Amino acid sequence: MLKMTHLSKVYRTEVVETYALRDFNIDVKEGEFVAVTGPSGSGKTTFLTIAGLLETFTGGTYHLDGIEVSRLDDNARSKIRNEKIGFIFQAFNLIPDLNVYDNVEVPLRYRGMKGPERKQRIMDALERVGLASRAKHYPAELSGGQQQRVAIARALAGSPRLLLADEPTGNLDTQMARGVMELLEEIHREGATIVMVTHDPELAARAQRNVHIIDGQVVDLGEDPRFHAHAARAVDA
Amino acid sequence: MNVQIQPILAALKRHKAGTLLIAMQIALTLAIVCNATFIIRERLARVARPTGMVETHLLTVQNRFVGTGATSSEPLVKADLATLRQIPGVVDATAINSYPLRGGGWSMGVQTDPDARKAITAATLYFADDHAVATMGLKLIAGRNFRADEISWQDAQKVEAPGEIIVSKALADKVFPDGHALGRTVYIMGNARPSTIIGVVERLQTPWSGTFADNFMEHSVLLPIQLTGAFGSYLVRTEPGRLDALLKTVPAQLMKTNRMRVLRDDTGVRSFAEVREAAYKTDRGMALLMTVVCVVLLAITAAGIVGLTSFWVGQRRRQIGVRRALGATRSDILGYFLTENLLIGLAGVVVGTAMAVGLNLWMVTHFEMHRLSMVYVAVGVVALLLIGQGAVLAPALRASRVSPVEATRSV
Ligand SMILES: Nc1ncnc2c1ncn2[C@@H]1O[C@H](COP(=O)(O)OP(=O)(O)O)[C@@H](O)[C@H]1O
Ligand SMILES: [Mg+2]
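Protein sequences, first through last, are from chains F and V. Numbers given in this note's numbering equal positions in the first sequence, counted from 1, plus 114. Numbers given in this note's numbering equal positions in the second sequence, counted from 1, plus 411.
To be clear, the hints were calculated from the coordinates, so they are not data collected in a lab. Just so we're clear, the structure is a prediction, and the values are computed from it rather than from any experiment. Please note that the accuracy of each hint is not assured.
Straight-line distance between alpha carbons at most 27 Å, and here's what the computed BS3-like set of lysine-lysine pairs gives [unchecked claim]:
| # | chain 1 | residue 1 | chain 2 | residue 2 |
| --- | --- | --- | --- | --- |
| 1 | F | K250 | V | K585 |
| 2 | V | K489 | V | K550 |
| 3 | V | K424 | F | K228 |
| 4 | F | K250 | V | K424 |
Construct the entire structure; sequences and hints are all you get.
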């Protein structure tokens with residue numbers, strides 16, 4: 115589904131060159147639930163933005179769903195983002211000017227979907243996250259946990275095959291975080307591939323596989339989530 | 412491109428103040444610019460009206476005799492005309508009480524029935540001679556010119572209607588709608604004796620450039636009469652290229668003929684181009700002022716749109732990034748801002764159209780204004796919408812270049 119080989123990402127400013135990713139290799143199979151951990155500044159977000167075609171990379175190759183993405187133009191990248199990828203951000207990133215319903219509708223409109231189908235999908239998605247009754251509310255009128263569930267509904271409505279989540283529970287308290295995590299697990303069981311960046315070892319432990327990033331490189335800690343959870347804690351400390 | 416109106420309207424509802432401000436600005440601009448353009452066009456149309464004379468190589472003299480003999484001016488005028496006609500470079504000269512664009516002259520009622528209470532129309536009376544048609548360059552389209560022996564000299568206080576007159580076509584058509592004016596008689600001085608129309612000229616304006624003569628602008632009568640008196644005008648037709656020199660020669664020669672006269676520095680001897688310039692100075696000034704007002708208003712509106720959109724683009728960078736992350740293409744984002752501006756613009760022009768009509772109606776009742784033609788409103792609407800789209804283009808393009816990675820920047 116998602117395969118990066120010898121990938122590198124360099125941020126150049128006038129004074130310094132920062133290698134956010136270097137010789138980065140990862141292979142996420144269709145239907146996997148991968149948790150990405152690592153210390154702050156290690157390159158987790160950079161990895162996710164490149165994986166989600168939000169940003170280009172400097173070297174190496176990246177195949178998404180079998181397509182070599184560096185060849186794609188901006189419009190083709192937009193189309194893939196719209197149809198294949200669902201994003202969940204730490205800061206929720208709902209559009210404050212739009213109510214819950216209209217927020218969930220945004221990606222569907224960019225897909226050019228017809229009104230009745232949009233409505234069906236929006237209501238289904240809101241139903242799933244338990245917020246159908248809040249369709250007319252504005253983001254500012256919702257709690258953080260509710261906002262993130264709207265964001266998940268927005269990501270789900272387009273039935274993406276790949277869900278990318280950057281610290282989706284980072285701004286939530288434990289109870290809300292648990293709710294969000296349960297939702298992600300449910301989505302995963304229905305067949306979506308999920309890559310989730312998290313700081314929380316407990317959540318990481320619930321994923322099928324853990325990938326640990328240090329200094330822009332993948333450090334493979336094996337398949338044992340418990341072992342991994344300890345390692346992550348050790349690195350963070 | 413994938414742009415839909417409903418979510419744009421939904422988002423605008425959350426930005427009422429800015430939206431209303433720009434829409435009102437567009438409305439006001441439309442109302443004022445439509446009416447101003449209408450006034451400009453009216454003024455320019457007024458300025459462009461032809462006098463009926465061949466105005467190039469035409470020179471005007473406004474003369475006042477002083478001292479003894481000024482009231483019985485016949486020999487003095489005859490001497491002046493003789494002088495003028497023999498100056499090298501002069502084609503012809505005529506003595507006439509007034510001329511188009513001079514600003515003052517005689518106006519009288521014209522009627523076909525001597526007992527009628529009300530005249531058919533007003534007309535101006537030019538007291539001229541047999542050289543007037545040639546000097547002014549009028550086009551005689553029917554009948555004949557005056558003969559020298561038909562010219563009489565009369566006291567302005569007790570003028571008697573002449574047996575023969577030449578009229579402008581506009582007057583002829585007004586009085587005789589059947590088109591057969593030649594040889595018919597009219598009464599031009601109350602119920603005095605009738606005058607026979609012996610000639611029709613294609614066009615001859617009255618002396619007034621303001622609104623006074625708007626109803627009879629081309630109703631003119633040439634009479635074979637010379638008025639005796641201290642005041643009088645001469646028109647002088649020159650050969651091509653001689654006008655500038657003659658502007659100096661003519662007053663000098665006139666003074667040499669008779670020193671007992673006043674030729675004012677400003678209006679004494681002028682080219683007809685100067686006369687026209689002076690007559691329409693306020694109309695031109697008004698048109699210029701209105702043009703400046705329009706340009707300034709349009710510029711302010713465009714600047715307002717650029718400013719507000721730039722502000723909104725800055726404010727919405729993150730949500731633009733989010734939209735890009737969710738699949739919006741660059742043209743979707745561009746289209747979003749263009750459509751948003753178009754919607755605000757449409758609201759503005761709808762209100763503005765009502766305001767334009769209202770403003771015009773107010774001016775119709777309070778000033779001498781005509782009803783605004785809807786063509787001006789239509790052109791104004793299209794122009795303002797286009798200006799809006801033009802103004803929004805730069806900030807909208809900037810918005811379309813916001814990277815989708817903006818969505819991930821931590822708050
Ligand atoms: N736009 C950028 N310009 C320059 N450096 C950046 C930029 N984005 C990220 N970086 C750098 O790249 C490295 C990885 O950052 P990031 O991927 O955000 O880490 P993480 O998400 O693991 O905390 C950091 O050193 C960060 O400072
Ligand atoms: Mg990060």
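Now the hints, each set against the structure:
1. F:K250 to V:K585: Between F:K250 and V:K585 the Cα gap is close to 72 Å, so the pair fails against 27 Å, i.e. violated.
2. V:K489 to V:K550: holds (25 Å)
3. V:K424 to F:K228: holds (24 Å)
4. F:K250 to V:K424: holds (14 Å)
Of the numbered hints listed earlier, the single one contradicted by the structure is hint 1.
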